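A.B. asks: The task is simple: from the sequences and hints, build the whole structure.
Residue numbers are given in the working numbering: position 12 of the sequence shown equals residue 12, and the series is strictly consecutive.
By construction, these hints were calculated from the structure, which means they are not laboratory data.
Since the model is a prediction, treat every value here as computed from it, not as a measurement.
Keep in mind that a hint or two might mislead.
Claimed, not checked - Calculated lysine to aspartate or glutamate pairs in the EDC-like style (CA-CA distance at most 20 Å, straight line):
1) LYS26 <-> ASP110
2) LYS25 <-> GLU104
3) LYS25 <-> ASP65
4) LYS25 <-> ASP110
5) LYS77 <-> ASP45
6) LYS26 <-> GLU104
7) LYS26 <-> ASP98
What the hints assert, rightly or not - Derived Cβ-Cβ restraints for the label pairs, each shown as a range:
8) GLN78 <-> GLN187: 37 to 47 Å
9) SER43 <-> ARG174: 25 to 35 Å
10) LEU173 <-> ASP98: 23 to 33 Å
11) LEU148 <-> ASP82: 31 to 41 Å
12) GLU32 <-> GLU59: 11 to 21 Å
13) ARG117 <-> GLN60: 16 to 26 Å
14) ALA142 <-> PRO88: 35 to 45 Å
15) GLN187 <-> ARG85: 39 to 49 Å
16) GLN60 <-> SER100: 33 to 43 Å
17) GLU59 <-> GLU145: 30 to 40 Å
18) GLN187 <-> SER64: 29 to 39 Å
19) ARG168 <-> GLU32: 19 to 29 Å
20) GLY21 <-> ASP98: 19 to 29 Å
21) LYS26 <-> ALA151: 24 to 34 Å
All C-beta atoms, glycine included, are put in the ideal place defined by N, C-alpha and C.
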Amino acid sequence: MGCAQVDSPSFGGGYKDIPAGFCRKKLGLPIESRVLLYVGRFSPDKDTALLLRAWNSLEQREPSDWIGVMVGDGQMKQEVDDYSRHHPRIRTTPFLQDPSALAEWYQAADLLLHPGRWETFGLVLLEAQACGLPVIAFRGGAMDEQSLDVADWATERNSDAFAAAVQRKMLRLRETDPGPLSAYINQNFSWDKTFARQMAEYES
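C.D. replies: If you want it as structure tokens, here you go:
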């Protein structure tokens, strides 16, 4: 896919097609490989262990040219680093405080993986989709309304089902038009609207 340029007060500012090779070259990523991205804490509450098991399953299911990138930090960092050392497809990079630096990873990736099974609000999910990046997550929760692609999400809350959903989406990535996805997020989940929704949840 191409890059999305983040340039407005909303999450993504609308999708603008820029060659993906530009983004990947800057980040040292292979141009031709499919890039599967995770962004967030490495911790039990983010289901990091489930994601590591899903990487195992995906390596068995999908032998094609893909890599996984895990951007973050947290209490399971040692486990993630150890896993990466034994699985050359999986790379790690520290958590990024600068939103523009984080946007470059969204721009370079083909698919965001969001393994949290019990989260009610996915800020990373919104940021990625605002950049035109499709997402795989688990269906059946509050985050269902935060995507146009929930039909592709995993329905069973386990690592094998998650890996299977990722594989299915990988096979159809060329059919994904990032424009409508970005527009949906930017129209319905601006920073102001998102803040208002979160405040309403806290006060309810």
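A.B. asks: Compare the structure with each hint and give your call.
C.D. replies: Structure-based check of all given hints:
no. : hint                         : in the structure
1   : LYS26 <-> ASP110             : holds (16 Å)
2   : LYS25 <-> GLU104             : holds (11 Å)
3   : LYS25 <-> ASP65              : holds (17 Å)
4   : LYS25 <-> ASP110             : holds (15 Å)
5   : LYS77 <-> ASP45              : holds (14 Å)
6   : LYS26 <-> GLU104             : holds (9 Å)
7   : LYS26 <-> ASP98              : holds (16 Å)
8   : GLN78 <-> GLN187: 37 to 47 Å : holds (41 Å)
9   : SER43 <-> ARG174: 25 to 35 Å : holds (34 Å)
10  : LEU173 <-> ASP98: 23 to 33 Å : holds (27 Å)
11  : LEU148 <-> ASP82: 31 to 41 Å : holds (36 Å)
12  : GLU32 <-> GLU59: 11 to 21 Å  : holds (18 Å)
13  : ARG117 <-> GLN60: 16 to 26 Å : holds (22 Å)
14  : ALA142 <-> PRO88: 35 to 45 Å : holds (36 Å)
15  : GLN187 <-> ARG85: 39 to 49 Å : holds (43 Å)
16  : GLN60 <-> SER100: 33 to 43 Å : holds (36 Å)
17  : GLU59 <-> GLU145: 30 to 40 Å : holds (32 Å)
18  : GLN187 <-> SER64: 29 to 39 Å : holds (34 Å)
19  : ARG168 <-> GLU32: 19 to 29 Å : holds (21 Å)
20  : GLY21 <-> ASP98: 19 to 29 Å  : holds (22 Å)
21  : LYS26 <-> ALA151: 24 to 34 Å : holds (33 Å)
Of the hints listed earlier, there is not a single one the structure fails to meet.
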